[in-house]
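Student: Based on the provided sequences and hints, a complete structural model is requested.
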Amino acid sequence: MPEPTDRPDSWQAAFDLIRTRGYEHRTEPFRLASGQLSHDYIDGKHAIDNGERLTTVARAMADVAARNGIEFDAVGGLTMGADSIAIGIAMVTGAAWFSVRKEQKQRGREQWIEGTRIEPGMRVLLVDDVISTGGSTAIAFDRVVAAGAVVTGVIPMVDRGDVAAELFAGRGVKFAALVTYRDLGIEPVKAV
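Per the working numbering: the sequence shown = residues 1 to 192.
No wet-lab data here; the hints were simulated from the structure.
None of the values given here were measured: they were computed from a predicted structure.
Backbone N, C-alpha and C define an ideal beta-carbon position, used for all residues, glycine too.
Keep in mind that a hint or two might mislead.
[Unchecked claim] With a straight-line cut-off of 16 Å between C-alpha atoms, the simulated EDC-like cross-links for lysine to aspartate or glutamate are:
(1) Lys45 <-> Glu24
(2) Lys174 <-> Glu71
(3) Lys190 <-> Glu166
(4) Lys174 <-> Asp162
(5) Lys45 <-> Asp16
(6) Lys190 <-> Asp40
(7) Lys102 <-> Asp142
(8) Lys190 <-> Asp162
(9) Lys174 <-> Asp63
(10) Lys102 <-> Glu114
[Unchecked claim] Derived CB-CB ranges, DEER-like:
(11) Tyr41 <-> Gly135: 15 to 23 Å
(12) Glu28 <-> Val145: 33 to 41 Å
(13) Ala13 <-> Glu119: 32 to 40 Å
(14) Asp9 <-> Arg123: 21 to 29 Å
Tutor: Structure, rendered in structure tokens:
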């Protein structure tokens, strides 16, 4: 995770979008994908719901990748959380994009991965809009590794805790969130 002094110049504008458009504190708790309850809702897709906002965040995430030495030929992750971000980063960097399906396509090429064709040795960056424990990104990780890719890094737009960073460190993969729970001043998600 980048420290405040290691943040790219593009970080502040991206953070402001996430904080003002994507974050809300709710009186009633709701259940996260991890099963935990939270009062802090983050709608990453709303934060980047037009071309200008998506470009702002995509550029900041590409800058985080560069500052952390994460090189990649393609960028993607599990649909739906990664889709717009992957396309945005592809547009600002010239990299290819891909999307990992939740279920294998049942016709045509019957593939798990859409967009660019993942080939053995291809360097990929995995992204997501909001990560809690990293489960969705771990599914994408397993699918692209099975296709022969080398995962060079994981960058979520927002990391709700420290669980995912530990998960990917255990897999030998660099992890650097654009925005963290600390930045937003919210309670971290714990390991389940």
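Student: Each hint: holds or not?
Tutor: Structure-based check of all given hints:
For a cut-off of 16 Å, the pair hint linking Lys45 to Glu24 stands: about 13 Å separates their Cα positions. A threshold of 16 Å between alpha carbons decides the hint, and for Lys174 with Glu71 the separation of about 11 Å falls inside it, so the pair holds. For the proposed pair Lys190 and Glu166, the alpha carbon gap of about 11 Å is at most 16 Å, so the pair holds. Using a Cα cut-off of 16 Å, the hinted pair Lys174 and Asp162 holds, with the two alpha carbons roughly 13 Å apart.
Under the criterion of a C-alpha separation no larger than 16 Å, the hint pairing Lys45 with Asp16 is consistent with the structure, at around 14 Å. With a C-alpha separation of about 14 Å, the suggested pairing of Lys190 with Asp40 holds against the 16 Å cut-off. Among the hinted pairs, Lys102 with Asp142 is consistent with the structure: their alpha-carbon atoms are about 12 Å apart, no more than 16 Å. This hinted pair checks out: Lys190 and Asp162 have alpha carbons roughly 8 Å apart, not beyond 16 Å.
Distance hint between Lys174 and Asp63 is fulfilled; the C-alpha atoms sit about 14 Å from each other, no more than 16 Å. Using a Cα cut-off of 16 Å, the hinted pair Lys102 and Glu114 holds, with the two alpha carbons roughly 11 Å apart. Distance hint for Tyr41 and Gly135: a CB-CB separation of about 18 Å, consistent with the stated range 15 to 23 Å. Checked against the hint of 33 to 41 Å, the C-beta distance between Glu28 and Val145 comes to roughly 39 Å, which is consistent with it.
Separated by about 35 Å at the C-beta atoms, Ala13 and Glu119 satisfy the suggested range of 32 to 40 Å. Distance hint check for Asp9 and Arg123: the Cβ-Cβ separation is about 25 Å, which falls inside the suggested range of 21 to 29 Å.
In this structure, every one of the numbered hints holds.
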